[in-house]
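Asks: Work the whole structure out from these sequences, hints included.
Note that the protein sequences, when read in sequence, are chains A and B. Heads up: the first sequence at position 243 corresponds to 243 in our numbering, and the numbers run straight through without jumps. Position in the second sequence counted from 1, then plus 1000, gives you our numbering.
These are computed hints drawn from the structure, not numbers from a lab. Using N, Cα and C, we set each Cβ at its ideal position, and we do this for glycine too. Errors might be hidden in some of the hints.
Footprint (simulated), chain A over chain B, 3 or more residues, beta carbon under 8 angstroms [to be verified]: (1) 1040 to 1051; (2) 1131 to 1145; (3) 1151 to 1159.
Quick list of simulated restraints, FRET-style, between CB atoms [stated by the list, open to error]: (4) 1042/B with 247/A: 49 to 57 angstroms; (5) 66/A with 1114/B: 40 to 48 angstroms; (6) 1217/B with 68/A: 58 to 66 angstroms; (7) 242/A with 1185/B: 53 to 61 angstroms; (8) 246/A with 1218/B: 27 to 35 angstroms; (9) 183/A with 1112/B: 45 to 53 angstroms; (10) 1102/B with 67/A: 33 to 41 angstroms; (11) 1109/B with 208/A: 50 to 58 angstroms; (12) 1091/B with 73/A: 48 to 56 angstroms; (13) 1136/B with 148/A: 24 to 32 angstroms; (14) 72/A with 1089/B: 40 to 48 angstroms; (15) 79/A with 1198/B: 48 to 56 angstroms.
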Amino acid sequence: MDSRVIVITSGKGGVGKTTTTSNLAVALARAGRRVVAVDADIGLRNLDVVMGLENRVVYNFIDVLEGNCRLNQALVRDKRVDNLFLLPAAQTRTKDAVSSEQMEELCALLREEFEYVLIDSPAGIESGFRNAAVGADEALVIATPEVPSVRDADRIIGLLESMGKAPIRLIVNRLRSQMVRDGEMLDVTDVLDILAIELIGVVPEDDSVVKSANRGEPLTFSDASPAALAFQRISMRLTGKDVPFPKFDEENGRGLFAGIRKLFGMKS
Amino acid sequence: MAETVESLESPKGAAEHRGPSEILLKGTGYGVRMIFPESVPDDSLLEDLNRFSGDAARLARGIGVVLDLQGRTLSRAFLLRLLSEFVWTGDFRVLSWMSYNADTLDLLRSSGFSTGEPSAGKSEKRENGPNSLVLIQSLRSGQRVEHDGDVVLLGHMNEGAEIYASGNVFVRGRLKGVVHAGMHGGEFSISAGQFEARQVRLGGKLCSSLGADIEWWGKAVVISLEKDSLVVRELKL
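Replies: Here it is as structure tokens:
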């Protein structure tokens, strides 16, 4: 089976890695792909809650690596959509409970079963991040349009490059058009100018993200909110479809698309 | 010559090949550079090194090695193990240690080890021409370059990146990181295509708290140390 292992990471915490992982996993599964979302945040697991599967977790991937159970016993199947599985992290262990070699072994096992392996990385640049990334082929870096987030994303991109991950693509999350218009937030062009990697999607700030996390129902299950649509577009781009970037900020005539054209020196 | 960030160097001389496990060996003008990937845990690295034998080991013993720790955070305990279980037992001649991890470099220097590219060959290079390091890339946050000579960065230098050079520093793109030119003294300069750094260091001078309120912010500038004063000139071609 052709399989892609993708780490979703950021450096900074709280920028939307888990939200992105859950929504992309659901969107890809609904598009007919066989998907597993892996929570690599050992000791601080959240992906099970955000996906609404916390009550069904029995084993975790540390149990698999330690031989306490088989892989298919630890996988939690999402009954709401075919082909979607969660591989939870251990909540009672620490990041040191797993080695890089073990994570590579785990990814090799998952490659045999799934088309898409989405790994939700913990924040930081230490062993937790490295273990999450070591078995991945490619990376999605999440950054919010804030200076600290962009700086941390820059650091992470440097580390991912040194680990040989490619492609490394960027998701700008929680964009607030009004703040950009008011000059109080970096716009996508500013972020791209600094990070200089391929943009795969922009997710606008959307209250429905908080509601969906509390409900345990990723937006891409059904919602047509701006964030849900953004995650769906990103999932389609991940599968190789050419999906245009919408103009979130048309009111002042300086849309995202115009910004990207400017970045590449094209005329509006 | 240079102490650089990852993937900045091209192999010189001998061909590049894999050593035991993920350890990368590069032939260089001064010896064999052994690159220890950060992703390999300390214990596994020592196991791999203990299996290091054959022609490559003989070659490395003969001409000396540079141990490149990449971004690995080196503990005192692991440094001691590396020395006792690999360097001393294997009778290797370590020319120098390299890393772009600031803590690791501090530990090595405070322990009296030579860091950066080995000094052998430096004088020869100086006789043949300027000792310049040209980097055709951008430097990202957390990446650090140290070089005994001039540094030319044909890219951007993002916030959180650092360049330390004993000579001049030229950044073709946007300069937002920390640059220290002429770090061993002397009158040198820092040039940038777009200056947006919060501080500059030239020789023994430090100019900090720079910001958008200065006249030359965001412009192409040359900052030089002349008669013990920092002089800023807009770079107009």
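Asks: If a hint holds in the structure, say so; if it doesn't, say that too.
Replies: Hints versus structure:
1. Three residues within the 8 angstroms Cβ limit are the bar, and the stretch 1040 to 1051 of chain B against chain A gives 3, so the coverage statement holds.
2. Counting residues of the stretch 1131 to 1145 of chain B whose beta carbon lies closer than 8 angstroms to any beta carbon of chain A gives 5, which meets the minimum of three for the stated coverage.
3. Check result for the stretch 1151 to 1159 of chain B against chain A: holds, 3 residues qualifying (beta carbon to beta carbon below 8 angstroms, three or more required).
4. For residue 1042/B and residue 247/A, the Cβ-Cβ distance of about 51 angstroms falls inside the hinted range of 49 to 57 angstroms, so the restraint holds.
5. Residue 66/A and residue 1114/B have their C-beta atoms about 43 angstroms apart, which keeps the hinted 40 to 48 angstroms range intact.
6. Separation of residue 1217/B from residue 68/A is about 59 angstroms and conforms to the stated range, judged on CB atoms against 58 to 66 angstroms.
7. Checked against the hint of 53 to 61 angstroms, the pair residue 242/A and residue 1185/B passes, with Cβ atoms roughly 57 angstroms apart.
8. Hint check: residue 246/A to residue 1218/B, Cβ distance near 31 angstroms, so the stated range 27 to 35 angstroms holds.
9. Taking the beta carbon of each, residue 183/A and residue 1112/B are about 52 angstroms apart, inside 45 to 53 angstroms as hinted.
10. Range check, residue 1102/B to residue 67/A: Cβ separation about 40 angstroms, and the 33 to 41 angstroms hint holds.
11. In this structure the supplied range 50 to 58 angstroms holds for residue 1109/B paired with residue 208/A, their Cβ-Cβ distance being about 53 angstroms.
12. Range check, residue 1091/B to residue 73/A: about 51 angstroms between beta-carbon atoms, so the 48 to 56 angstroms window is met.
13. Restraint check, residue 1136/B to residue 148/A: a C-beta distance of roughly 29 angstroms satisfies the suggested window 24 to 32 angstroms.
14. Taken as a hint, the range 40 to 48 angstroms holds for the pair residue 72/A and residue 1089/B, whose Cβ atoms sit roughly 46 angstroms apart.
15. About 53 angstroms separates the C-beta atoms of residue 79/A and residue 1198/B, a value consistent with the hinted range of 48 to 56 angstroms.
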